[in-house]
Structure formats: C-alpha cells, structure tokens
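Colleague: If you want the building blocks of each chain, they are given just below.
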Amino acid sequence: MTTQRGPAFAGLMIVLILLAFLVIPVVQVIHVAFQDPASGGLTLVNFVDFFRSSLFRESFVNSFYVAAMSVVVASIIALPLAYFTSRFNFAGAAIIQTLGFVPLIMPPFVGAVAMLLLFGENGSVNLLLDEHFGFTIPFMEGLNGVIFVQSIHYFPFILINLSAALNNVDRSMEESAQNLGARGFRLFRRIVFPLAMPGYVAGAALVFLKVFDDLGTPLLLNVNTMLAPQAYLRISSIGISDPMGYVISVILVVFSLFALWTSMLALKGKDYSTLQKGGGGMLKRDLRGGQRIAAYALILLILALVLSPHIGLTLLSFGTVWSYSPLPDAYTLEHYRMVFGSASEYITNTLLYAGLAASFDVILGTAIAYIVYRTGLRGRKWLDYIATASLAVPGVVLGIGYLRTYNDFNVPFLDKPLASWWVIIVVALTIRRLPYALRACVAALQQVSVMLEEAAQNLGATRSRTLWRVVVPLMSGGMIAGFVTSFATASVELSATIMLVSQESDAPLAFGIYEFMQSASGRGAGAALGIIAVVIVGLGTYLSHRVIERSHRQRTAERQIAEEVT
Amino acid sequence: MSTEPAGISIRKLGLAFGDNEVLKDISLDIAPGEFFAFLGPSGSGKTTLLRAVAGFGPRPSGEILIGGQNVVDMPPWERNLGMVFQSYALWPHMTVRKNVAFGLEERRLPAREIAGRVEKALELVGLTKLAERRPSQLSGGQQQRVAIARTIVIEPKVLLLDEPLSNLDANLRIQMRRDIRALQQRLQLTTIFVTHDQEEANTTSDRMAVLNDGRLQQVGTPMELYDNPANLFVARFLGTANILQGSIVEEDSRKVFVSDSGVTFPMDIEGQGQRSIVFRPQNARIHCGKVTGDDAHIALPGIIMHTEFLGSIVRYGVKVGNETLLLDLPHIQGEGLINEGTEVTVLVARERILALAG
Chain A
48 MTTQRGPAFA GLMIVLILLA FLVIPVVQVI HVAFQDPASG GLTLVNFVDF
98 FRSSLFRESF VNSFYVAAMS VVVASIIALP LAYFTSRFNF AGAAIIQTLG
148 FVPLIMPPFV GAVAMLLLFG ENGSVNLLLD EHFGFTIPFM EGLNGVIFVQ
198 SIHYFPFILI NLSAALNNVD RSMEESAQNL GARGFRLFRR IVFPLAMPGY
248 VAGAALVFLK VFDDLGTPLL LNVNTMLAPQ AYLRISSIGI SDPMGYVISV
298 ILVVFSLFAL WTSMLALKGK DYSTLQKGGG GMLKRDLRGG QRIAAYALIL
348 LILALVLSPH IGLTLLSFGT VWSYSPLPDA YTLEHYRMVF GSASEYITNT
398 LLYAGLAASF DVILGTAIAY IVYRTGLRGR KWLDYIATAS LAVPGVVLGI
448 GYLRTYNDFN VPFLDKPLAS WWVIIVVALT IRRLPYALRA CVAALQQVSV
498 MLEEAAQNLG ATRSRTLWRV VVPLMSGGMI AGFVTSFATA SVELSATIML
548 VSQESDAPLA FGIYEFMQSA SGRGAGAALG IIAVVIVGLG TYLSHRVIER
598 SHRQRTAERQ IAEEVT
Chain B
2 MSTEPAGISI RKLGLAFGDN EVLKDISLDI APGEFFAFLG PSGSGKTTLL
52 RAVAGFGPRP SGEILIGGQN VVDMPPWERN LGMVFQSYAL WPHMTVRKNV
102 AFGLEERRLP AREIAGRVEK ALELVGLTKL AERRPSQLSG GQQQRVAIAR
152 TIVIEPKVLL LDEPLSNLDA NLRIQMRRDI RALQQRLQLT TIFVTHDQEE
202 ANTTSDRMAV LNDGRLQQVG TPMELYDNPA NLFVARFLGT ANILQGSIVE
252 EDSRKVFVSD SGVTFPMDIE GQGQRSIVFR PQNARIHCGK VTGDDAHIAL
302 PGIIMHTEFL GSIVRYGVKV GNETLLLDLP HIQGEGLINE GTEVTVLVAR
352 ERILALAG
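In order, the protein sequences belong to chains A and B.
Per our numbering, the very first residue in the first sequence carries number 48; after that it's consecutive.
Per our numbering, the very first residue in the second sequence carries number 2; after that it's consecutive.
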C-alpha cells in the first residue's frame with residue numbers, strides 16, 4: 048500500500064467544504080425549525096403554528112397537489128411517446144428522442160411568461176378558441192398554470208427513464224410469455240409493464256421532487272400559495288428570523304428525501320435490464336396506414352405543446368407589443384439591443400459564476416471519485432453520500448441556510464457578510480450541481496482500468512504523478528461532460544441565487560429574467576435574456592452530448608482492440 | 002404427464018426477412034416422442050426454423066404440421082408448444098414459483114390445480130427448495146431448470162430447446178445434457194434441440210438434421226450422418242475429415258480418382274467428372290516403410306510432417322504427393338511417436354472411402 052497522506056489531506060479539505068456549505072447550513076435550518084423563537088429551546092411549536100395557519104395548510108396541499116398532478120400530466124404526455132418509440136418501427140421515433148431533450152434546455156420559469164401569453168386567459172390559443180368556437184380553456188388558471196408549465200418541462204424525465212426501461216426488456220421475455228399462452232393486454236400488464244415499472248417510478252419520483260421544490264415557476268406565474276414561494280416570501284419580507292421559512296424548508300427536505308428514497312427503492316435490486324447479446328429490445332411492429340397518420344398527429348400535437356414555451360419566448364423577445372392578440376403587433380431587435388447594452392452584466396456574471404462553479408464541481412468530483420474508488424481511506428464512502436445528498440436539498444433551503452449561517456460571518460478584508468458577497472452564489476451553485484459532476488466523474492473513473500495505474504506505478508510513477516499523467520487524461524471526456532452539465536444547469540439556476548443576490552450588480556441571468564418578467568414592459572427584454580439563456584444551455588447540452596459520444600466511440604474502439612488482442 | 006406426444010411434419014418450408022431468404026424449401030418429419038436436433042453453424046437458419054415452429058418471426062411459406070394440424074397461421078399462444086429460450090427468459094419480477102405458474106394461470110386453471118402442478122414440476126427438476134427465490138438469486142444451471150420446469154408444466158405437445166446449454170460452463174453442460182435427455186425419456190416428449198455443437202447433438206438426439214445456409218443438408222441418426230455424410234458440408238461439419246478434391250479419369254481402361262494435387266487413388270468409382278474423396282483420420286493406418294496395396298486397401302506412400310499428441314490418440318500429418326492427410330492412431334501407454342520425416346505408407350480401407358460430388 049502506498050502512502051495515503053495526499054488523498055487523506057484532500058479528503059479532509061473536501062469534508063470541511065461539504066460541512067461548511069452543505070451540512071451545517073442545512074442542519075442549522077432544521078435546528079431553527081425546531082427551536083422556540085423566544086426561549087431557544089427545542090420545540091414542535093413552530094410546526095403546530097404552521098399547520099394552524101390556513102394559508103400554510105393551503106400552500107402545503109397546493110404544493111402536494113401540483114407536484115402529484117404534474118406527475119400525472121407528465122405521464123400522460125410521456126407514456127404514449129415511450130410506447131411508440133419502443134413498440135413501432137417508424138421515423139417519428141427519432142423525433143421523439145430529440146424532442147425528449149428539448150424542454151430540458153430551458154428552465155421552466157423562463158417559459159412560464161411565454162406560456163401565459165400563448166395559453167393564458169387572453170392568450171393566443173384562447174383568443175382563437177373564443178373567436179371560432181366560443182369557449183376558452185383555463186390552461187393557466189392558478190395552479191393549472193404551474194401544473195401545465197411544469198409537466199411540459201419535466202415530462203422528459205419520465206420519457207427518458209421509461210424508454211430506457213422498455214428498451215432494456217429483451218424480446219425473449221415477451222416471446223416466452225406468448226409461448227406459454229399470454230397475449231395482448233394481459234401480456235403487457237403481466238410482463239412488459241412490471242419490467243418497465245422501476246424506470247417509470249424513478250422518472251416520476253424525479254418529476255415530483257423537481258416540481259415540489261421549484262420556486263421560480265410559481266413565483267413568475269404569481270401563484271404564491273405554495274410551499275417554496277411561501278418560504279421565499281417569508282424570509283425576504285419578514286426576515287431571516289421568522290421560523291415559518293425554516294419549517295417549510297424542513298417539509299421540503301423531507302418530501303425531497305421521500306421522493307429520492309422512493310426512486311432508489313424502485314430501482315434497488317431490480318436491474319431488470321434483461322437485454323441479451325444479439326437480442327434487440329422489444330418486438331417492433333410496423334404501423335399500418337391509418338395508425339401511422341394517427342401516431343404522427345399525436346406526436347405533432349405533443350411536439351407543438353413541448354415547443355410552445357420556446358416559440359412563445361422567441362416571439363416575445365422579437366415582438367413590440369403583444370397583448371390581447373394571437374401574435375405580437377410588430378417585430379423589433381430593440382430588446383436584444385437593450386439587453387446587450389444595459390443588461391450585459393447579467394450575462395457576464397452568469398458566465399463567471401457558472402464557469403467557476405462548474406470548475407470547482409469537476410475538481411471536487413474528480414477528487415471525491417478518486418478517493419472513494421481508488422483509496423482505502425476509512426469512511427471514504429461518506430464523501431460520496433454527503434455530496435450526493437445535496438440532491439435532496441432544495442435551492443430555497445440552501446439559500447436560507449446560507450443566509451442564516453453566514454450573515455454574521457464577515458469576510459476578512461472586505462468587511463461585509465459572506466452571505467451577501469457574490470462568491471456565496473458561486474458556492475451555492477457549486478454545491479447544488481456537485482452531484483451531477485460527481486456522477487460524471489465516477490463514471491469516467493470506473494472506465495479507467497486499475498491495471499493502467501498499476502502499470503504506471505510499476506514503471507516508477509508516484510501516486511500523484513500517476514493521477515496526473517494517466518488517470519486524469521483518461522477521465523478527461525467524463526470530466527468535460529461533467530463540467531458542461533454543471534455549467535449549463537448552473538447558468539439558469541434561480542431558487543438558491545434569488546435568495547442570495549444582495550445587489551443588482553451581482554445578479555446572474557436567471558435573476559435578471561425574473562426581474563424583467565415582473566413588469567409587463569420588461570417582458571420583451573426578459574424574453575431576450577431568456578433566449579440567451581436557452582442558447583447557452585442548448586450549446587452546453589449539445590457540447591456535452593458530443594463529448595460523451597466521442598469518448599464513448601473511443602472506448603468502444605479501445606474495447607474492440609482489447610478484445611482482438613486477448 | 003398426460004398429453005400424447007405429437008409428431009411434427011415440416012413441408013416445403015420457406016421463410017424470408019424482407020428480401021433475405023433464411024429458410025429454403027425445408028421438409029422433414031419428426032416422430033412422436035423423438036429427440037431431434039437441428040444442427041448447424043451460426044447463420045444456418047436452425048434457430049429461425051425452431052422459432053417458426055413456435056410461431057415467432059415472419060410467417061413462413063409451406064406447412065408445419067403438429068399432430069397432423071397445420072399451425073402456420075396459429076399465433077404462438079395457441080400452439081401449446083413449450084419453448085426454452087437460449088437466455089432462459091425468466092421474468093426477473095416474479096419468483097421461481099410465479100414463473101412456473103405463469104403458463105397455467107394464462108390457461109385459467111383452478112388455483113389448486115396450478116399449485117399442485119407447479120409443485121410437481123419443481124420437484125421434477127429438483128428446485129422445490131428454491132421456489133420463493135427470484136431468478137437473479139439462482140445460478141445458471143438452476144435458472145436453466147426453472148426455464149425447463151416453466152415449460153413442461155403446461156404439458157406441451159412438443160418441447161423446443163434453443164441452444165439451452167450455451168450459457169453454462171463446460172462441466173455443467175455435460176450434466177445438463179444428460180439430465181435433459183433423461184427427462185425427455187421419462188416424459189416421452191417430442192423434443193427439438195437446436196445447437197451448433199455436434200457433440201451435444203450426438204449425445205442427446207435420436208436423429209438430427211444438419212442445416213447450412215437455410216437449406217436442409219441431411220437427416221439421420223448421429224452415426225449415419227458421421228459415417229455417411231451426404232455432401233462435403235456435412236462431412237466437414239461433423240468432425241475432421243480428409244477431403245481431396247479431384248476428378249475421375251480413365252486409366253488403363255479402368256476409372257481412377259486423381260486429386261487436383263496429383264495423388265492417384267486406384268479404385269472403382271461411380272460417376273464421372275468432379276469428385277471429392279473423403280475419409281476420416283481414424284479410417285486409415287500408417288505403416289513404416291513401403292507396403293503395397295491389396296483388394297481391401299489403397300496404399301499411399303508419404304512422409305510424416307507433424308505429430309500432435311491428443312491423449313487417447315496421436316494425430317499425424319502425412320504428406321502424400323502435395324496433400325497433407327491427417328491420420329489418427331490410438332495411443333497405447335508405452336508406445337512412442339513416429340518421428341517426423343519418417344517415410345511411411347498410408348493404408349486406407351477401400352470400403353471406408355466416400356466419393357462425394359463437388
């Protein structure tokens with residue numbers, strides 16, 4: 048065994064960082080929630096107060112209702128798409144696969160205002176419906192709006208997981224059931240669906256978690272009777288000493304943990320991937336004429352729905368005035384000119400914050416992955432657990448935790464609290480996106496055979512030289528993918544940053560969009576900023592996709608060589 | 002089990018994936034209760050043929066008669082044939098017991114009867130103790146037994162086995178093939194066994210069909226096919242053979258065979274034109290020094306080129322003219338090898354030489 052002093056030191060530093068910026072703030076939040084505001088003793092009185100208030104009870108029920116309904120609506124969108132792609136041979140399958148990722152490249156709150164203009168009470172669709180058919184549909188009425196926007200945004204989580212699960216069902220699973228006498232819907236119910244169930248539950252749990260925790264969408268749609276907006280409003284209007292924000296935070300964390308636990312339970316010990324070598328997923332059928340038309344019609348409808356936030360946002364960003372009419376009155380570049388002129392700070396801030404956060408994420412992710420999988424340090428698994436646990440911490444909660452913990456902590460030489468220094472935004476983004484980067488780094492490291500490292504050490508390279516010259520270069524594909532994922536998602540993060548922005552000049556893009564979208568006159572500029580955010584995230588997603596694909600091809604080639612040699 | 006074993010008749014069967022013809026004009030008969038093997042290299046169409054019998058894949062042309070009934074247009078779930086898949090295809094979300102009960106449940110049998118028959122089937126394959134486990138908690142051999150139990154519990158008319166041993170390790174494979182054979186004998190079940198391994202086919206089956214490139218090459222008992230291959234493909238595929246290509250020519254008013262490399266076989270031979278001479282390595286002897294042929298043997302002078310000690314036999318490569326023949330001699334303890342370079346005479350029994358077309 049070689050010396051472990053270096054990794055041990057690095058591990059200790061990471062533990063300190065995670066303690067300071069994840070564990071302590073969250074524990075602090077939980078502690079305050081259970082603390083008597085007057086005496087400081089432990090108590091449940093805050094929770095009693097919470098459930099006594101009709102506003103909070105309503106918010107609780109609304110949050111739960113919205114999250115559950117979003118799962119239902121997202122399932123209604125995703126199920127037929129997953130079914131078509133895995134069951135039938137037709138060109139639409141490729142469209143669906145791409146379509147699945149489109150909504151993810153825009154944060155839901157950005158599209159919310161555009162959706163209001165398209166589907167709202169006086170939006171394009173309802174104006175047209177009213178004119179031609181004399182009725183309107185309350186798509187965006189109150190909670191409906193949140194459910195609508197969230198399910199359109201998050202249905203890909205279900206689509207991707209369910210499609211993957213369906214594609215992993217080997218056709219012999221179905222054939223053996225047919226051979227034993229099963230067919231039609233019974234075959235689907237008894238064999239295919241149970242086998243795909245874990246994938247569905249994992250996707251659904253993720254949708255629930257995301258919607259339950261989301262702050263930006265309800266805020267922008269002016270739906271404040273939900274938990275996350277209430278927490279934000281309490282802290283920002285009453286102050287960080289109000290216990291209700293903390294109680295809400297605890298509830299958010301508990302439900303997030305519950306959703307994550309459900310998804311883990313669904314997947315645990317159920318590696319139903321039954322794909323055999325040479326076997327190719329489920330039996331695929333050809334669509335007949337009428338079916339084909341119906342399938343395409345359905346897919347086009349869903350495609351239009353899914354793209355509507357993007358279309359609306361684009362129209363909004365180029366439109367002059369858009370109100371009480373199906374389309375804007377005229378088109379202009381004024382909004383973009385304005386955004387690049389006076390609001391360019393938002394963009395530079397975002398690039399700086401997201402760039403820094405993603406870099407830290409990759410460094411931390413690589414270090415944690417290396418320590419967990421390549422050293423024998425005691426308790427090393429806990430690094431992984433703690434870093435991953437940040438998934439269960441909603442942005443609002445992390446923001447409140449930082450405000451509470453670091454408001455009285457002055458930064459040396461700057462003479463202002465750490466909680467209102469711009470660096471805290473970077474820290475929040477780093478912690479929030481660490482789980483994604485960590486998974487990418489772990490996956491990359493697991494591709495590197497230990498033998499390659501042993502060969503380097505055998506030839507005289509020290510542990511750190513080996514890491515630097517062999518491991519990191521071989522991991523670079525995964526690290527870049529991790530960087531880009533973190534960067535893209537960090538650049539549109541709103542829920543933690545909205546709590547931590549202390550002055551306009553420190554604010555990132557997402558905050559800017561939120562600010563602009565508040566007023567009717569700022570919507571054009573807000574939409575222009577939104578489009579810029581979409582472009583940044585879209586480019587990032589595309590790049591990471593390319594990188595992953597390239598390194599995958601490379602690995603396949605390497606494996607082929609290895610197989611030929613052995 | 003109670004069902005009468007059914008015979009299978011395949012008549013002029015053809016099958017294509019799009020333009021790609023994978024089965025061409027196949028006709029064969031399998032007797033009730035027979036253990037029958039489809040043997041062929043990968044891509045020969047043997048699995049496609051089995052799947053066509055089970056009702057999977059594109060609709061074939063021609064007829065498949067099972068117990069006298071043409072099943073070509075019958076969906077798989079109505080055929081009542083038990084198929085054991087290469088991958089076993091056990092459903093991971095069900096216990097062993099649920100897996101085995103599935104087919105009976107689909108037949109809407111009373112719960113008590115299902116329980117009884119499942120228990121009996123599990124007993125038959127020796128898995129009673131593992132009934133509550135999930136497939137992922139079983140070894141490969143145990144999974145194989147579950148797959149068989151799941152299939153025979155429905156009392157199928159025919160048992161179809163698609164390369165059932167290919168996922169097992171070598172020792173287990175030999176054990177399993179004996180077990181499968183014993184089970185088949187006990188149940189008197191008509192069985193089709195698909196394999197690419199001739200040893201598996203030889204040891205288990207009553208008769209077998211060799212397939213190549215979608216065509217039926219020959220049907221017969223394993224020994225018939227080995228000793229009297231109908232064509233060069235079967236001769237090559239079933240074990241090692243010396244094959245000399247050449248033609249029949251008149252020489253001194255009698256027909257002799259002259260190989261393309263110039264080795265002459267003075268023997269009476271039917272037909273004319275392009276022919277190949279085939280004999281197995283163990284059907285010849287080696288004599289050190291010069292010997293002349295007689296009525297029963299053809300003598301070919303040659304030189305030992307290489308030797309391979311294979312345990313029970315020694316395989317010699319003997320250069321005769323421009324051909325290298327392989328000859329096996331049994332190894333008896335204490336006997337040494339014939340040195341390389343030794344001049345020898347190869348004596349081949351005339352009656353063990355086959356002349357095949359091509």
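Treat the hints with care, as some may be off.
Now the stretches of chain B that chain A is said to cover, found in silico as 3 or more residues with beta-carbon under 8 Å [as the list claims (entries may be wrong)]:
| hint | stretch |
| --- | --- |
| 1 | 96 to 108 |
| 2 | 346 to 353 |
Taking lysine-lysine and the DSS-like style, the derived pairs with C-alpha atoms no more than 27 Å apart in a straight line are [unchecked claim]:
| hint | chain 1 | residue 1 | chain 2 | residue 2 |
| --- | --- | --- | --- | --- |
| 3 | B | Lys130 | A | Lys315 |
| 4 | B | Lys121 | B | Lys99 |
| 5 | B | Lys256 | B | Lys320 |
| 6 | A | Lys428 | A | Lys257 |
| 7 | B | Lys291 | B | Lys256 |
| 8 | A | Lys315 | B | Lys99 |
Chain A is nowhere near these chain B residues, computed Cβ spacing over 12 Å in every case [as the list claims (entries may be wrong)]:
| hint | residue |
| --- | --- |
| 9 | Leu125 |
| 10 | Pro157 |
| 11 | Ile304 |
Keep in mind the hints are simulated off the structure, nothing from the lab.
Ideal Cβ positions, reconstructed from N, Cα and C, are used throughout, including at glycine.
Colleague: Run every hint past the structure and note whether it holds.
Modeller: Consistency of the hints with the structure:
Chain A is given as covering the stretch 96 to 108 of chain B, and this holds because 4 residues of the stretch bring a CB closer than 8 Å to a CB of that chain, at least three being needed. Check on the stretch 346 to 353 of chain B: 0 of its residues sit with their Cβ under 8 Å from a Cβ of chain A, so the three-residue criterion for coverage is violated. This hinted pair checks out: Lys130/B and Lys315/A have alpha carbons roughly 25 Å apart, not beyond 27 Å. For the proposed pair Lys121/B and Lys99/B, the alpha carbon gap of about 14 Å is at most 27 Å, so the pair holds.
Of the pairs offered as hints, the one joining Lys256/B and Lys320/B holds, with about 24 Å between alpha carbons and a cut-off of 27 Å not exceeded. The hinted pair formed by Lys428/A and Lys257/A meets the criterion: a straight-line CA distance of about 26 Å does not exceed 27 Å. Proximity of Lys291/B to Lys256/B is assessed by CA-CA distance (about 25 Å); at most 27 Å being required, the pair is judged to hold. Proposed proximity of Lys315/A and Lys99/B is supported: the alpha carbons are some 21 Å apart, at most 27 Å.
Remark: the non-interface label on Leu125/B is consistent with the geometry, its nearest Cβ contact in chain A lying 17 Å away (cut-off 12 Å). The non-interface label for Pro157/B is inconsistent with chain A: the shortest C-beta to C-beta separation is roughly 9 Å, within 12 Å. Here Ile304/B stays apart from chain A, with its beta-carbon at least about 37 Å from theirs, past the 12 Å limit.
Of the numbered hints listed earlier, those contradicted by the structure are 2 and 10.
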